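Take these sequences, add in the hints, and give me the full structure.
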Amino acid sequence: MWNRISKHHLFWPLMVLAALLLFNLIYKPAFFSIRIQGGHLYGSLIDILNYGAPLILVAIGMTLVIATGGIDLSVGSIVAISGAVACLLVSKSADQNSLGIVLTAVAVSLGLAIVCGLWNGVLVAGVGMQAIIATLILMVAGRGIAQLVTSGQIITVSSNPYEYIGAGWLALLPFSIFIVAAVWLAAAWLTRRTALGLFIESVGSNATASRLAGIRSRSVIFAVYIFCGLCAGMAGLILSSNVSSADGNNAGLWYELDAILAVVIGGTSLNGGRFYLSGTVVGALIIQTLTTTIYMIGVPPEITLVVKAFVVFAVCLVQSEKFRNVLTSKWRKRRYQAEREVTHHV
Amino acid sequence: MTEQNPILDMRGIHKRFTGVVALKDVKFRLFPGEVHALMGENGAGKSTLIKVLTGVHDINEGTVTMEGKQLAISSPLEAQEAGITTVYQEVNLCTNLSVAENIFIGREPRRFGRILWKEMNRRAEQLLAERLNVSIDVTLPLASYSVAVQQLVAIARALNISAKVLILDEPTSSLDANEVRELFTVMRKLKEQGLAILFVTHFLDQVYEISDRISILRGGEFVGEYLAAELPRIDLVLKMIGKDLHLLAELPKSGSKEESRNGEAFLQASSLGRKGAIEPYDLNIARGEIIGFAGLLGSGRTESARLLFGADRADAGELTVEGTGGKIDSPRQAIRQGIAFCSENRKTEGIIADLTVRENIVLALQASRGWFRTISRKRQDEIADEYIKALNINPKNPEQLIKNLSGGNQQKVLLARWLLMEPKLLILDEPTRGIDIGAKAEIQKLVLALSRKGMSVLFISSELEEVLRVSDRIAVLRDRHLVKMMTAEEMSHENVMKAIAGG
Chain X
1 MWNRISKHHL FWPLMVLAAL LLFNLIYKPA FFSIRIQGGH LYGSLIDILN
51 YGAPLILVAI GMTLVIATGG IDLSVGSIVA ISGAVACLLV SKSADQNSLG
101 IVLTAVAVSL GLAIVCGLWN GVLVAGVGMQ AIIATLILMV AGRGIAQLVT
151 SGQIITVSSN PYEYIGAGWL ALLPFSIFIV AAVWLAAAWL TRRTALGLFI
201 ESVGSNATAS RLAGIRSRSV IFAVYIFCGL CAGMAGLILS SNVSSADGNN
251 AGLWYELDAI LAVVIGGTSL NGGRFYLSGT VVGALIIQTL TTTIYMIGVP
301 PEITLVVKAF VVFAVCLVQS EKFRNVLTSK WRKRRYQAER EVTHHV
Chain S
1 MTEQNPILDM RGIHKRFTGV VALKDVKFRL FPGEVHALMG ENGAGKSTLI
51 KVLTGVHDIN EGTVTMEGKQ LAISSPLEAQ EAGITTVYQE VNLCTNLSVA
101 ENIFIGREPR RFGRILWKEM NRRAEQLLAE RLNVSIDVTL PLASYSVAVQ
151 QLVAIARALN ISAKVLILDE PTSSLDANEV RELFTVMRKL KEQGLAILFV
201 THFLDQVYEI SDRISILRGG EFVGEYLAAE LPRIDLVLKM IGKDLHLLAE
251 LPKSGSKEES RNGEAFLQAS SLGRKGAIEP YDLNIARGEI IGFAGLLGSG
301 RTESARLLFG ADRADAGELT VEGTGGKIDS PRQAIRQGIA FCSENRKTEG
351 IIADLTVREN IVLALQASRG WFRTISRKRQ DEIADEYIKA LNINPKNPEQ
401 LIKNLSGGNQ QKVLLARWLL MEPKLLILDE PTRGIDIGAK AEIQKLVLAL
451 SRKGMSVLFI SSELEEVLRV SDRIAVLRDR HLVKMMTAEE MSHENVMKAI
501 AGG
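From first to last, the protein sequence lines are chains X and S. Counting from 1, one number per residue, gives the positions in the first sequence under my numbering. Counting from 1, one number per residue, gives the positions in the second sequence under my numbering.
Hints in this document: simulated from the structure, not taken from any laboratory. Certain hints may be false.
[What the hints assert, rightly or not] If you anchor each label on the Cβ, the simulated ranges turn out as follows:
hint : chain 1 : residue 1 : chain 2 : residue 2 : range
1    : S       : C94       : X       : F11       : 46 to 52 Å
2    : S       : V147      : X       : V115      : 41 to 47 Å
3    : S       : S75       : X       : F23       : 35 to 41 Å
[To be verified] Covered stretches of chain X, as calculated for chain S (at least 3 residues, CB under 8 Å):
hint : stretch
4    : 193-200
5    : 210-220
For clarity, every value in this text was computed on a predicted model and none was experimentally measured. Backbone N, C-alpha and C define an ideal beta-carbon position, used for all residues, glycine too.
Structure (structure tokens):
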């Protein structure tokens, strides 16, 4: 029984998350307190979910891309473009509070995000470029586009409907959590209830054999890059809406790296093949919790990244089965001999 | 020879993988200056024993003694340092590096930390020429050579390490008769120099031609060790299979097959060809007919089959399936027309390693149905169980990852994938390569049964006996040309050999 639990792909990610939360509990018991204020839930845990929403979204899209054996470095730039375009459209409109305007802005930026994903898909599946190079193009160019859109300034909006996306509340919870849940369910449904998941894993594990089995690898690859672009676009909306402004220079900066990390922590191999959406969500939560923790315990800003790197390194070590075996091998051998002795005496 | 001390002595070897016992109290001895054949069916534990010996796997129990000293081999490097080197079944080289680099990788001649490229190339050329009688440009990437040459390079690489024990794991499975002869010459020379050679193969002829001693494994257990001269062939086979089965004799001879072909053509290829792969050829396949492809390695057998399946695009000629003309440009189109193709490269073009047996079986069917018309999990389980039973796939667990299965069982899973599609034409490229006798006979029987049900089969194999046994007609290929189409009356071992040799 224990063996089955510890072999589950979610076991180690959940253990790491639990360890992080436990640290917070000891360091500051108030971390876990959740209070209701004005019909909304407030507390650090809620904050983690709320602020982690964009990362989870990007990481879900990234999971599918990585499962096909690819990678998408351009998600950070797509986040910036989508936020910038939406904010520009809203800010230029006569009535920023008009729901129609906001919906149009959302539709346009999500459409653009899909186009970005399509561009990546064309380069990877159509032209046959290596994913890391193909998406590097949009990573660099996309940041430039976002800066063009914002003219290098920070565009601020004051629109209630737009603000609702990233800072609004539905029932007791932040609205962004519902967006994440919807996307997660949609991704899970698309991959596990249709044959898309099987095809993704097949293409990622062995592209040649998949083609010979009659799978349209190209459309599968197109689909995952488009989906990944769409996820990044939604993340961009949440992120910009949360602060009611778009910053072409800094929005979504390094998101691609955090997303890749979340996917890997979640147990999906960078070589492609098997993927774990739930693992990715836990991985993203680990990263967000870590970020929150670092701010909370007041690590000096200049060494924040070092601390984060160290924890990430430790997480990766714990995740590695080989490393765990090395650590526990001595202890195991001793246990094994003891068992043998006992059986001898009996 | 029997009075000598063994150079290598393995005793009481146990190896367990999660849930599976791969080796159970196995012993193995190897004397200097002998060729020792390790025999057994698929899953008998041969590969595991070799991997244990070369440090790829740790052993759970048992001792390995080399030259009187006990060894604890825990990595391939340690095995190399102890003087044990291996050439694996599937060539394990870097195809984008040059031949010389492949031979010397990790042990490049250096001076002041700088690699002496000229020296390395010279020594590689010398090594290949003197010991293997191969003269090739060693500066070209390995990928520019045939699998046979790659195999020889792998052997050269193993020889280059000052080995005392050389392990050849199915070295001959992708070599043609001449190359095998050359390899045996090399092996005899090395034997005289006192090298101990562990030889794994499925070809009985080769076992008796080259080995002094035979050890047999069955189901992970040690059966016995015999002098080759004192073990009759039939005994060897019986000990390997473990039951009294004259499997191969049961098969009807091709001549005795009922002549019930109605001659209705399923597929017609006229002047189908592709530059650099196969010269334009004509081929008709009737319903229920089994066409054999015979020819040496690199004669264009695989290349012509790939055109029929759309795995490569034909740049000349026409293909007509069931009277409807047109080109087949992709495997998808071919599959829609009722064609299935089992590639000779199981690992790279067949199995999806990360997926389970069940997923591998339903893959092609699901692909033909698209994303949304899914096969219910219940139906998938039924399909998997049905084929595991029908083809006797081991282990019987459909949720096992396919990469954990032995080569023969992987092949059966791939067969299941295509049989599930109920194709009208099944192309089998070396379906029995690297597979034990029992499984071989099963596959041959299956092919005959399928053709009786009206399925056409294109059967490609390097083993002439096998092609002769199953085929209704044989296409002989030589140097990328289809040189002769033989009818049942013309088909004989001698005629086919003559056609292959040409002139």
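Against the structure, the hints come out as follows:
no.: 1; hint: C94/S to F11/X: 46 to 52 Å; verdict: 36 Å, violated
no.: 2; hint: V147/S to V115/X: 41 to 47 Å; verdict: 45 Å, holds
no.: 3; hint: S75/S to F23/X: 35 to 41 Å; verdict: 37 Å, holds
no.: 4; hint: 193-200; verdict: holds (count 6)
no.: 5; hint: 210-220; verdict: holds (count 7)
The earlier numbered hint that this structure contradicts is number 1, and it is the only one.
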